[in-house]
Each structure stands twice: as structure tokens, then as C-alpha cells.
Amino acid sequence: MNEFLLTVFSAAFLATVIRTSTPLLLATLGGLISDLSGALNVALDGIMLIGCLTAVIVSHYAPWYVGVLAGIGAGAAVGLVMAFFHLRMKADIIIVGFAIGALATGGTVFALSLATGGDKGTSINLPSGAVPAVDLSFLGAIPGIGPALVAIFSGHSLLSWVAAFLVFAIWYFLYRTPWGLWLRAVGEYPAAPEAAGIPVNAVRFWSLIVSGALAGLGGAQLAMFNFIGFTANMTAGRGFIALGAVLLGARHPVGVMFAALLFGAFDGLTNVLPGHYPWIPPELIRMIPFAVTILALLLFSYRAQRALALRGVKA
Amino acid sequence: MTTDATPTAPAALPAATAAGNMKPPTRLSIAGRELGRAAIAVIIAMIATLLIVFFVSKSPVDALMTLLTAPFSRVRTFGLWVDDVAKLTMTGLAFSLVFQARQFALGVQGQLYVGALAATYVALSPIGQTWAGLPLGVLAAMIAGGIYGFLPGIAKARLGANEIVSTLMLNYIAIELCNFLVRVSLVPPGSGLLTTDKFPKTSLYPVLVANTRIDLGLIFAILCVLGTWFALYRTSWGLKLRLVGHNARFAEYAGIKANAIMVSAMTVAGALGGLLGSMFVQGQAFGQLTVLFEGGFAFEGILIAIVARNRPLAVPVVAMFYAYLRQGAQLMNIRTDVPAEVISVVAALIILLVASQFGLPAWLKRNVLGTRRGATR
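Top to bottom, those sequences are chains A and B.
For the first sequence, the residue numbers in this note's numbering are 1 to 315.
For the second sequence, the residue numbers in this note's numbering are 1 to 377.
Treat the hints as calculated values from the structure; they're not laboratory data.
Accuracy of the hints is not assured; some may be wrong.
[Stated by the list, open to error] Listed next, with one range per pair, are the computed distances between beta-carbon atoms: (1) Pro200(B) / Ala62(A): 57 to 63 Å; (2) Phe4(A) / Val75(B): 29 to 35 Å; (3) Thr26(B) / Ile124(A): 57 to 63 Å.
In this text the structure is predicted, and so the values were computed from the model without any measurement.
All residues carry an ideal CB built from backbone N, CA and C; glycine is no exception.
The following block holds chain A by itself, in its conformation from the complex (with noise of 0.2 Å):
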């Protein structure tokens, strides 16, 4: 037991934490700007698997940018695809969700097939790029906690530090420039923004686009860095644990990182425990995230219902 609390404390962990996290919490950023702009994006998770399959077949081809940058399109077409279906052919958003859910989990594996030449489980034949780490190797010359944050900081991948830097550039975009505020009053209440002048249906038009985009990028990482290469279904449903962790993070930036990084601690934690308990049945462990998905759920959905009720409002 000891033992095992030590690996989940150490340095060692912390790092897989921020390693599973970083395409969790990219989606998760996604999932924020579209569920505060007033639409539930059920499609993430496909998003995600389309920004995978692009990023590796892009990547095989042209240098890791490239390929990052592609999943990126990829995400942003998606979005701009649902947007069109929702906005302008006002088909429901979840259906739209569920549509794109659906194509792609069928149509990675057609694509994938074409690429490769008949193979639908995986992308091995197809050698993709990586995503470069992060080497911060030198701060090891600080005396004391030196060797610690070399441990927990370095030989991340450089999306790790571009997901950190969008939490912030999100909340600062959301709380500190008037786009931001439009969009939270789009999501709030759309009639109030629209009497004031405010384009209502391009700042939904616009958030369902980074939103995508956003899904598009944890893709390229899951696809570039977290695993090499593309697996069908590879994301395993990370878009939908996503969406729990827009809300269990009180639909916040730092929230929601906060939500993806216990998310990410729990994944982790598949990937330590058979070391120390090989006794427990691997099935159980992969469905920690999931039972821990649905507990922050119901807790959340518990303390929001009495925060209403505090207020007087029957929910």
C-alpha cells in the first residue's frame, strides 16, 4: 500500500498525469466554448478521432506541424459542418452531435482503409510524426526542488505547454475581452445579446468552429504524442468524458483543467495499478473513468440542484 501511495505521489505520476491529461483537457477547452455558448457538443469525441486520423495521415507525409495543424482543420471543418447543420438547416445540436458521432466512427475506419490499403484496425503501415517534447532539463541546476520539476516538467509534449497556455488565453478571452462576454450572454441568454445589436448567430457560429478546433488539436496529441499512430476507436470515449468534465469544472477555464487533470490522474492510475495489484481484474481498472466520470457527475449535479434551491429557483 505504502508503496503504492508513493508512486502515485511521485514525481514519476504526476508527469503521466499531465501526459494523459493533455488531450483530455484540449477537448474538455472545446467542449467549454461550445457548452457556454449555448450548445452541447456530443460530437467531441468524433471530432477528436477525425483530428487523430488527420494528424497521422497528414503527418506521414509532411513534418509534425503540418499534421498538428491539419487535425486542427480537421476539428475546425467539423465544427464549421455542424455549425451549418444547426445554425443555418436548425437541425438539433445533439442530433447533429450524434450524427457526426457516428460518421466518425464508421468513416476513420473507411479513411483508414483507403490510406493503408485495406487495413482497418491500425495505422502501422502508414509511419506518422510525433509531436517534439519539451526538454527543461536545465532546471535541474536549481538547488533543492531542482531534479523534482525536471521530473514533473520536462519531456512533456510541446501541445502540454500549449494547452496550459490556452486555459489561460480562454479565460482570458472569456472574462476580459467583450467577444467573450458576448459569448457567455449568447449561451446565458440569447435574446438579451441579440436586442443589443450583437451577432448572435456568428458567435455560435463561430464557437462551434474553435470548438472543433479545439478537439481537433487533443486529437493530434493523443494521435502524435500520447500513442503514435492511429487505432480505430483509439479515443475511448475521452469526447464524452470530456463533456463530464465541462461539468464537473463548474463551466470554467480553470475549472475544467482542474476536472481534466483529476480525469487524467485516473487514467494514470490504469496504467499503474496492475504493477502493484496485478491481482485486481484489468476490466475493473479500465472502468475507473468511467465510474469516476459518472460519481463527479452525480456530485455535481447534486451540489448545482442545492445551489438552486439555495437561491429559490426550482430546478
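Model the placement of chain B on the given structure of chain A, informed by the hints.
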């Protein structure tokens, strides 16, 4: 009873108001418009398929012919189609029921697994060797599925927990649970198999047509269609359910316990999902439980429900068309160079187009359909 004709077709309303002072739409005209929209969606999706197949295939004509004609080419493939229709109908019904209550519960997959597990435990127990194996297996599956539908329902009713997230997570948990139980308790220890023994004959669905997969499941599907239709449109529970689906707050003001109705809808849909699980493992197709046997099948019900506009009687019709496409795609996958997954692109397009409130472009309406619009006035 005009109320039950208008609601699930909110998409049809703006078109009617836009045309000005038209008479209130009748059931028939709405049905016609819905059919027309579905037909347009299918045509566009088929054109897209055509383009994709021409783009990826070396022998596009062969591939398309296989897609469109192969399912009915032999008795065996015909049987596969019927079996697929029955199962698609069940998942479509389960989704229709929760969608009618305006709950985006996606738990059919999980219900399917727990239902299949429950049926398997009955079939492989001593009871499975007796005549009671079949009915008790079905019953156990429905109860297990019902409980699995009830849980996210009560979480939503009591705590307001988002049902999309909770049901999806429960799906993943059910899949892992199935993996776990099969490995640990359902196969001989140490064998490393991922499939249970064949169920005893007494626990299997009887075959209706020899040498095909057509079995008792088809009868169950038909009964469930009729039962769901009756429950939704001929009982007070169904009226309340549809009312809650349209406007939960209004339903509350009218004295309907919206939460109780919602939970009951999710529970009944769960029981349907559980029954589907039994249809899989106790049916002729499997007759045993294999891990991951479902492979995302349950989610096809979303397409069925959306295209059928959540109408129980329309569900089997849509299921017939879609099952035909699915089977055609499978055969195309085997016999030609086009992967079966092309069907998911078609499915996504159909969902998007059916869910859209697209009108025909104005010029097309004027030139082609101008006379018809005049006639309805």
C-alpha cells in the same frame, strides 16, 4: 387526436406558417411531407454513396450492384436481412421511446450487454436445461436492462444529472463488466476463451424459417412495435409521456409528474434494450455470449429513431430500408474493394438531412413543385 400528429414534427410547422394562411395541416399532409423529406434525404445520401464508390472503387458498377441487389439474392442473405430488421427495430424502438420523452439517453448499448449477461446466466444455469430457460432468460434480460435504464433516469430526476453523459459512461462500464464476467465466471477457468459454451437448445429462440437466422426474435420485435405504439398513443401514460416530451414545464402545471414519467420511459426503454440483448445471445445468430458481440450496433437505433421521427409504427419500415443497406454494404465489403464502413458516411448524411429543416431551393419549388403547392391551398 390531432395533437399527436403535429408534435414530433416541429420541423414541419415553420413551413406551414411560412406559406401563409393555410389550413391547419392534417395528419395525412404531415405524413406526406415527412415522407417527402425522408425520401429527399435518402436520395441525396444515395448520390453521395454513388460518388464515394466511384471515387474509391476500381469496379464501381460491380460494387454498387452488390450494394443494391445482394441482400435478396439468396435465402441465407434474406434471412440475415430479416434478422437485422428485427434487431434494428428493437434498438430503434428503445431510442424512440426516450426521444419522445425528450431524453437523450444513449444507454441502449449498456442495456444490451447487461440484458445479454442476465440471459446468459439463466441459460447456462440448470434452469437453462428446462423449458423455463427461454422465458426466464428473456425476463431476466428485460429486468436487467430495465434496471440499467432506470439508474440514469433516477439520477436525472433526483439530481438533474445529464443523461447523455451518464448513459454513455454506463455503456462503457457494461462492456467492461461483460468482458470481466465472461472471463472470470462464464467460461471454464483458465481456458482463456472469450466466448461461452453454446446455450442448451431449450434456452434458444425457436427457428421460424429453417436454415436461416429468422427466429422468435422477429415475433418479439413485432409485438414490441405494436406494444410501444399502443402504450404511446392509446394509454394515458403515453399521452403524459408525449406531453412531458413537448413541454415538461407545461406538463408539470397540468399536474403530471414529469419526472416519474421520464424515469418510467427510460426504464421501459431499458427493458427493450435488455430484450434486444437476449435476442442477440439466445437467438439463432449467436446462441452464446461473446465479448464485444454488439460492436456498436445499438447506436444504429439513433438513426432509425430520428428518421422514423420517433414513431413506433414507422420504426420497422425505416429498419427494413436501413438493414437492406447494411447487409448490402457487408456483402459489398466481402465481394468487392469498397469497405463496409462507407455506410456510416451515408448514415450520418441521412441523419443530418432528416434532422434539418431544409426546404427545397426556392427556384426548384417555383418551377417544379409550384402546382402542387397551389393544390394544397
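The hints, checked one at a time:
1. Pro200(B) / Ala62(A): 57 to 63 Å: holds (58 Å)
2. Phe4(A) / Val75(B): 29 to 35 Å: violated (59 Å)
3. Thr26(B) / Ile124(A): 57 to 63 Å: Given about 59 Å between the Cβ atoms, the range holds.
Taken one by one, the earlier hints fail for this structure only at number 2.
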